[in-house]
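Modelling step: build the complete structure from the supplied sequences, incorporating the hints.
What follows is the residue order along each chain.
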Amino acid sequence: MSSETTTDEKSSETVETKPEVAKKETTLVVEPKFEKSLAEKVVAKFGAKATIGFIKPNRIRINAKKENILDVATFIRDELNFDHAESVTGVDYPKSKEIEVVYHLGSYTEPQLAKQVLTLAIRVPREDIPNPGHDSTRMPSLRDIFYSVEFHERECFEMLGVYFEGHPDNRRLLLPEDWADIPPFRKDFSIKGR
Amino acid sequence: MITPLPPGMQLEKVDDRIMTLNVGPQHPGSGHMRLIIKVDGDYIVSCDPDPGYVHRGEEKMAEYRNYIQNIPHLERPIIHDSCNILYPYCLAVEDLLGLEVPERAKYIRVIASELNRCVYTLYWLAIYGIFLGHSTMFMWPMGDREFCIDLLEAMSGARVTHAYFVPGGVRNDVPANFEERCLRQIDYFEKRLKQYEDIFYQNPVLKQRTEGTGILSRMDAIRLGTTGSVLRSAGVDFDVRKKEPYDVYDNLDFQTQVLKEGDSYARSRVPYLDMLESCRIIKDALKKMPKSGSVRTKLKPNPKGGNEEVYRRVESGRGSLGMYVVSDGKPEPYRVKISVGSFRNLICMPYLLKGEKLGNMPAVYWSLNYWPVEADR
Numbered sequence: 001m002s003s004e005t006t007t008d009e010k011s012s013e014t015v016e017t018k019p020e021v022a023k024k025e026t027t028l029v030v031e032p033k034f035e036k037s038l039a040e041k042v043v044a045k046f047g048a049k050a051t052i053g054f055i056k057p058n059r060i061r062i063n064a065k066k067e068n069i070l071d072v073a074t075f076i077r078d079e080l081n082f083d084h085a086e087s088v089t090g091v092d093y094p095k096s097k098e099i100e101v102v103y104h105l106g107s108y109t110e111p112q113l114a115k116q117v118l119t120l121a122i123r124v125p126r127e128d129i130p131n132p133g134h135d136s137t138r139m140p141s142l143r144d145i146f147y148s149v150e151f152h153e154r155e156c157f158e159m160l161g162v163y164f165e166g167h168p169d170n171r172r173l174l175l176p177e178d179w180a181d182i183p184p185f186r187k188d189f190s191i192k193g194r
Numbered sequence: 001m002i003t004p005l006p007p008g009m010q011l012e013k014v015d016d017r018i019m020t021l022n023v024g025p026q027h028p029g030s031g032h033m034r035l036i037i038k039v040d041g042d043y044i045v046s047c048d049p050d051p052g053y054v055h056r057g058e059e060k061m062a063e064y065r066n067y068i069q070n071i072p073h074l075e076r077p078i079i080h081d082s083c084n085i086l087y088p089y090c091l092a093v094e095d096l097l098g099l100e101v102p103e104r105a106k107y108i109r110v111i112a113s114e115l116n117r118c119v120y121t122l123y124w125l126a127i128y129g130i131f132l133g134h135s136t137m138f139m140w141p142m143g144d145r146e147f148c149i150d151l152l153e154a155m156s157g158a159r160v161t162h163a164y165f166v167p168g169g170v171r172n173d174v175p176a177n178f179e180e181r182c183l184r185q186i187d188y189f190e191k192r193l194k195q196y197e198d199i200f201y202q203n204p205v206l207k208q209r210t211e212g213t214g215i216l217s218r219m220d221a222i223r224l225g226t227t228g229s230v231l232r233s234a235g236v237d238f239d240v241r242k243k244e245p246y247d248v249y250d251n252l253d254f255q256t257q258v259l260k261e262g263d264s265y266a267r268s269r270v271p272y273l274d275m276l277e278s279c280r281i282i283k284d285a286l287k288k289m290p291k292s293g294s295v296r297t298k299l300k301p302n303p304k305g306g307n308e309e310v311y312r313r314v315e316s317g318r319g320s321l322g323m324y325v326v327s328d329g330k331p332e333p334y335r336v337k338i339s340v341g342s343f344r345n346l347i348c349m350p351y352l353l354k355g356e357k358l359g360n361m362p363a364v365y366w367s368l369n370y371w372p373v374e375a376d377r
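First to last, the sequence lines map onto chains R and F.
Quick note, the first sequence lines up with residues 1 to 194 if you use my numbering.
Quick note, the second sequence lines up with residues 1 to 377 if you use my numbering.
These aren't lab readings, by the way, just hints derived from the structure by calculation.
Worth double-checking, as some hints may not be accurate.
[Said to hold, decoys possible] Distance condition first, Cα-Cα at most 27 Å in a straight line; then the derived BS3-like pairs of lysine-lysine: (1) K41(R) / K243(F); (2) K243(F) / K33(R); (3) K66(R) / K187(R); (4) K187(R) / K298(F); (5) K304(F) / K97(R); (6) K298(F) / K56(R).
[Unchecked claim] Non-contacting residues of chain R with respect to chain F, defined by C-beta distances greater than 10 Å in every case (computed): (7) P32; (8) E35; (9) F46; (10) R59; (11) K66; (12) E67; (13) E79; (14) E86; (15) S96; (16) K115; (17) V124; (18) D128; (19) F146; (20) A180.
[What the hints assert, rightly or not] So the derived label-pair ranges between C-beta atoms look like this: (21) L21(F) / N58(R): 41 to 47 Å; (22) Y201(F) / P94(R): 52 to 58 Å; (23) L21(F) / I182(R): 55 to 61 Å; (24) P301(F) / P125(R): 37 to 43 Å; (25) K33(R) / M142(F): 47 to 53 Å.
Owing to the predicted nature of the structure, the values given are computational and were not obtained by experimental measurement.
By construction, the Cβ of each residue, glycine as well, lies at the ideal position given by its N, Cα and C atoms.
Set out below in structure tokens:
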């Protein structure tokens, strides 16, 4: 399976333009106004405890700390009117011994926010040998704030080994009940032959 | 001393009044998943969905393949809607690599994804029909599905697993006489769809079984974070195609279909109304499409992204479908997360089935537009 098989295929009908790949723009990107005002509200409230990851058109990223994640999430729900979670993702960073839990939040009630997706990221320390059910990779559950994260957090729990404190239903969802290996979406769980 | 069992492993108390039923996973009306249902007589006391029987680790597999190699296997979670699941991936990779998509390719993509939405919805409608004992509604959509499949086969060469979208456009151009053929078939398809109204949606038996069962209120639909037809049947006007238009959807003429009842009938009707809108979109796109030009921006071999992350979403047959791609500067993505409508709608299954009669279970279950294979990924 080399990458050239798909990229180099050419059918006689296909007209292809010249490659226009990843030119790094040196010009300063203007940050969109509305998104910036939203992100600044969070920073004004929490100061250095919640930092802005990036501001792009329709996308904002806010990095919160484990200690104040509940306050930040409550503020985002009540003051910024984001009302549901689209997905909860765990990303494993074994080099820095951290797991990042990423919440993608959206809004149905506020028409202005319909196209916005707010990314809320928390980094939690990662232990080397996880012990299912008694993990030390822990963070508070956002289930009481965003009800919709319930199944997403269950998936994140089994796939990354992040234990959500306060979650009412910390069971496996997709994996079998007797799964005895490490959580499969961690980077040290490798696929055979790869 | 007895050590306490870990969470989720405790034994449950037995009650002689409550009976536990396993619905599934061998697909007698549950899809490839299991519903653990507790009944008191004929009434469902609680429902615990147990998905995961078709979990294949697509997200993990994506970490081992480069951006182009990921195309054919990322469409596997939902092969009946394969264009729509590749759409957010291609949009995300285009953002990562800074690719421009030619104008004609944008229109071809819209046509392909709308055709694919019809293919999926008809397949779902056929299953919904047969589980409510309406055999005609199994035969008709299965037959009419072929019109859309034929068109997609002409475009991509494959009947179901198209792998038609690539970052930077589509894989190949449409055949020479495609416009007339598509217009002719869509006209006939639309005529057929209008007959569904009489035979299925105005059928008194169907109405009696589905109206007023599994009611989801507007506030709950928002709170539970549902999406797609479940959300729109509960009176929330949210369609990614309108709210965050991608490619050329902002040039096209269509409306979002919203019903406010929130019951199984409304949930089964919204995808049907969406199909009629899809026909409108396809006709409009055929009219506005540039007649010639490039359809694909060529990529370098083994393209690499920067150190960034992208989250893009589209409206699929089951609701908003998002792809979260994290890149760390290598040819392979560092992490790919597929956020699917089926998984997001799963949460309202225990909520809706509680208090329903057991006989209404299929009507509620299938009205959720739920696809187990996609939810498991």
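Hints and how they fare:
1. Under the criterion of a C-alpha separation no larger than 27 Å, the hint pairing K41(R) with K243(F) is consistent with the structure, at around 24 Å.
2. Note on K243(F) and K33(R): the hinted pairing holds, with a Cα-Cα distance of about 18 Å set against a maximum of 27 Å.
3. With a CA separation close to 22 Å, the supplied pair K66(R) and K187(R) stays within the 27 Å bound.
4. For a cut-off of 27 Å, the pair hint linking K187(R) to K298(F) is broken: about 32 Å separates their Cα positions.
5. Our distance criterion of 27 Å between C-alpha atoms is met by K304(F) and K97(R), whose separation comes to about 25 Å.
6. Taking the CA atoms of K298(F) and K56(R), the gap is near 26 Å; set against the 27 Å cutoff, the hint holds.
7. The claim that P32(R) is not at the interface with chain F holds, since no C-beta of that chain comes within 10 Å of its own (minimum 14 Å).
8. E35(R), annotated as away from the interface, keeps every beta carbon of chain F farther than 10 Å; the closest lies near 13 Å.
9. Distance check on F46(R): its Cβ is at least 22 Å (rounded) from any Cβ of chain F, clearing the 10 Å threshold; non-interface status holds.
10. The Cβ of R59(R) does not lie farther than 10 Å from every Cβ of chain F; its closest approach is about 6 Å, which violates its non-interface assignment.
11. No Cβ of chain F comes within 10 Å of the Cβ of K66(R); the nearest lies about 20 Å off, and the non-interface call holds.
12. Even its closest Cβ contact with chain F, about 24 Å, leaves E67(R) beyond 10 Å, as expected for a residue assigned away from the interface.
13. Interface exclusion of E79(R) from chain F stands, the closest Cβ pair being 17 Å apart, more than 10 Å.
14. Non-interface call for E86(R) relative to chain F: violated, since the shortest CB-CB distance, roughly 5 Å, does not exceed 10 Å.
15. Listed as a non-interface residue, S96(R) keeps its Cβ farther than 10 Å from every Cβ of chain F; the least gap is roughly 12 Å.
16. With a cut of 10 Å on Cβ distances, K115(R) falls inside the contact zone with chain F, its closest approach being about 4 Å.
17. Listed as a non-interface residue, V124(R) keeps its Cβ farther than 10 Å from every Cβ of chain F; the least gap is roughly 16 Å.
18. Residue-level check passed: D128(R) sits 20 Å from the nearest beta carbon of chain F, beyond 10 Å.
19. Distance to chain F contradicts F146(R) as a non-interface residue, since its nearest Cβ pair spans about 7 Å, not more than 10 Å.
20. With a closest Cβ-Cβ approach of about 13 Å to chain F, A180(R) is found to remain outside the 10 Å limit, as its non-interface label requires.
21. For the pair L21(F) and N58(R), the supplied restraint of 41 to 47 Å holds, since their beta-carbon distance comes to about 45 Å.
22. Y201(F) and P94(R) have their C-beta atoms about 54 Å apart, which keeps the hinted 52 to 58 Å range intact.
23. For the pair L21(F) and I182(R), the beta carbons lie near 34 Å from each other, so the given range of 55 to 61 Å is not met.
24. In this structure the supplied range 37 to 43 Å holds for P301(F) paired with P125(R), their Cβ-Cβ distance being about 39 Å.
25. The beta-carbon spacing between K33(R) and M142(F), approximately 51 Å, falls within the hinted interval of 47 to 53 Å.
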